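Undergrad: Below are the chains, spelled out letter by letter.
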Amino acid sequence: MVDMTTRLGSMVLPNPVMTASGCAANGQELHRFFPVSELGAFVTKTVMAQPRSGRGTPRMAETASGMLNSIGLQGPGIDAFVEKDLAWLRSTGARALVSIAGNTAEEFGDVAAALAASPAYDAVVGVEVNISCPNVANRGLVFACDALSSERVVRLVRERLPAQTPIFAKLTPDVTDIVTIAHAALKAGADGLTMINTLLGMVIDTDRLRPQLAGITGGLSGPAVRPVAVRALWQVTAAMREGRLPTAPLIGVGGVRTGRDALELVAAGAFAVQVGTATFNDPCAPRRVVDELEAEVARHGFSRFADVVGIAHERTARR
Amino acid sequence: MSGVVQVAGELIATRRVGAYSHLTLVAPGVAELAHPGQFVALAVGGPTSANLLRRCFSIHKVKPSGTYGGTVDVVVAAHGPGTVWLTGLRPHDPVDVVGPLGRPFPLPAEPVPCVLVGGGYGSAPLFWLAEALQARGCRVEMVLGAASEDRLFGVVEARRTADGVTVTTDDGSSGRRGWVSDVLGDVIDRTSAGVVYGCGPMAMLRSVTDIATAHGAVAQVAVEESMACGVGVCMTCVMPVTGNDGVTRMVRSCVEGPVFRGDRVRWDAFTDGIGSVPDDALGAPRAGGH
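Sequence lines, in order, name chains A and B. Using the numbering used here, the first residue of the first sequence is number 1, and each one after it goes up by one. Using the numbering used here, the first residue of the second sequence is number 320, and each one after it goes up by one.
Among the hints, a few may not be true.
Derived, one-sided and incomplete: chain B residues facing chain A with beta-carbon distance under 10 angstroms [to be verified]:
(1) Ala362
(2) Leu372
(3) Asp415
(4) Val417
(5) Glu544
(6) Ser545
(7) Pro559
(8) Phe589
(9) Pro597
DEER-style ranges, computed between Cβ atoms [as the list claims (entries may be wrong)]:
(10) Pro14(A) with Gly565(B): 18 to 28 angstroms
(11) Ser545(B) with Ser91(A): 30 to 40 angstroms
(12) Ala369(B) with Cys284(A): 19 to 29 angstroms
(13) Pro410(B) with Gln50(A): 52 to 62 angstroms
(14) Asp591(B) with Cys284(A): 34 to 44 angstroms
(15) Ser321(B) with Asp3(A): 30 to 40 angstroms
Hints are computed from structural coordinates only; laboratory data are not their basis. Because the structure is a prediction, the values reported are computed rather than measured. Note that CB positions come from ideal geometry on N, CA and C, so glycine has one too.
Produce the complete structure using the sequences and hints provided.
TA: In structure tokens, the structure reads:
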């Protein structure tokens, strides 16, 4: 038996596997395949203040071991979300990690405040601040590309949430130095970081010789981006271990399809792992990865999941 | 959302039908839950496939039990890496099946005459639908159209099942030269049809809707939007549809469709392969987009 408990600051979860925001809707669809309460946490689709239609179609393009999406943060708005989706998640006993976003830094704060005021708030184990979705009007110029913007958003969210609610800033790898952005988010009051969001990409339809997505560009996800996630987790964990960054828990996300994939992110420094695009291939993938990751930890002779977190930093060959 | 299963299925038969492949899969549990108009989502390329997205196919027919257990039949046109992989499978190869998915064709409460219109292999679910309608006492006529004879699907089965069949091809290689829309109005009038069911390309479904409405019938159409997951989580297969409250929303064709009342679909949003968000849709982008 492996103790799969993971501690991300004040957030203690029975296992380290989560859905990834935007890859699992808000739970009811996947609940037909497995009880969502069996995951360490359920990460909801990013919600903003108002209902939002998202973009036109085509919204997706399959790529080698991945896909581009250009959904455009379609969602019901925070009021309908807390009334229907969060209330439903609470009724299942799921632990919700709620992903929020705003068109402006102030909107992030308003969404956080509305969430905190909702009757179902006791189902919320944490808030993920999506400062890195590439599918917004200014495309690649997301909040998380700029240290000052990242800091301002996180600070406003921190002010509007109860102190005991941990917040995780979700970062993009599409930056020159992710450690700088990580530092800004942590300095502004983030309790941890989620890495990575999708990478900005583009596909040309070679029959029509025009962009395949109606939104022109989209976010690249799937196993193709896993090495980028491992690299980002590695760099930020290394900076923490060297004292260049405050120590804080990381949530790894990017291209996890199996327990072995999850183990890679964990060994690089992730205290928890989200399963995203693989869910489109296998609706049971998040639940399956819980068991597969436990088997991987046992295979290496560990009795506690926590002992494997960041282990690759200790085992790096020295020359 | 209705009952659905994910099963490790197995191909037991595959045969060429004109330009298409007709696959029979053992998929225990799917047949018992399925109704005409629903679909299955098949994983392609095996467990380490570089093609992650499921391919969705309207269910052609089901058998709840047989020598191998419950089976599901689908019709596949090989035009991309996923469909090429599926049509290259051999009997006893494994296929991961999720289904049944989506909302089925609604059946009329009264035994009204119905016309079933299929474009290309879009006709796949109509034979099963025809039997369900006939069991309710409905007279069923079918109109099948395609670019050419090899792209028609199920003409023999249609003649066996339906009370009347009209065939059209663009090139005149079978039946009447022209489109299904050239003949549909007359068929509706002749049969006094109350409901027209349509399945095929979007442009055809739009004209089926227009003609049905003009001739006093209700159109129920099963749409073909590209889907990544088929189960309602990816939000890629959305289209603008107007609800009972008069509000247009970008709805998922996999869970709220694939069957919609034709007159509720905002056909005006579709041009040149792009499905745009109507300005009056709930949460539509303001100037500058989002």
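Undergrad: Confirm or reject each hint.
TA: A quick look at each hint next to the structure:
1. For Ala362(B), the interface hint holds, since its Cβ comes within 10 angstroms of a Cβ in chain A; the closest pair sits about 6 angstroms apart.
2. The interface hint given for Leu372(B) holds, since its Cβ lies 5 angstroms from the closest Cβ of chain A, which is under the 10 angstroms cut-off.
3. For Asp415(B), the suggested interface contact is upheld, since its CB lies about 7 angstroms from the closest CB of chain A, less than 10 angstroms.
4. Below 10 angstroms, beta-carbon pairs count as interface contacts, and Val417(B) has one with chain A at about 6 angstroms; its hint therefore holds.
5. Look at Glu544(B): its Cβ gets to within about 7 angstroms of chain A, closer than 10 angstroms, so that hint holds up.
6. Proximity of Ser545(B) to chain A holds as hinted, the smallest CB-CB distance being about 6 angstroms (cut-off 10 angstroms).
7. Taking 10 angstroms as the C-beta contact cut-off toward chain A, the hint placing Pro559(B) at the interface holds, the least distance being around 8 angstroms.
8. Using the Cβ-Cβ criterion of 10 angstroms, the hint placing Phe589(B) at the interface with chain A is satisfied: the shortest such distance is roughly 9 angstroms.
9. Given the 10 angstroms rule on beta carbons, the hint for Pro597(B) holds: about 9 angstroms separates it from the nearest Cβ of chain A.
10. As the Cβ distance of Pro14(A) to Gly565(B) is approximately 46 angstroms, the hint placing it in 18 to 28 angstroms is violated.
11. Separated by about 33 angstroms at the C-beta atoms, Ser545(B) and Ser91(A) satisfy the suggested range of 30 to 40 angstroms.
12. Distance hint check for Ala369(B) and Cys284(A): the Cβ-Cβ separation is about 20 angstroms, which falls inside the suggested range of 19 to 29 angstroms.
13. About 53 angstroms separates the C-beta atoms of Pro410(B) and Gln50(A), a value consistent with the hinted range of 52 to 62 angstroms.
14. The hinted window of 34 to 44 angstroms between Asp591(B) and Cys284(A) holds, with their beta carbons roughly 38 angstroms apart.
15. Between Ser321(B) and Asp3(A) the beta carbon distance is about 39 angstroms. The supplied range of 30 to 40 angstroms therefore holds.
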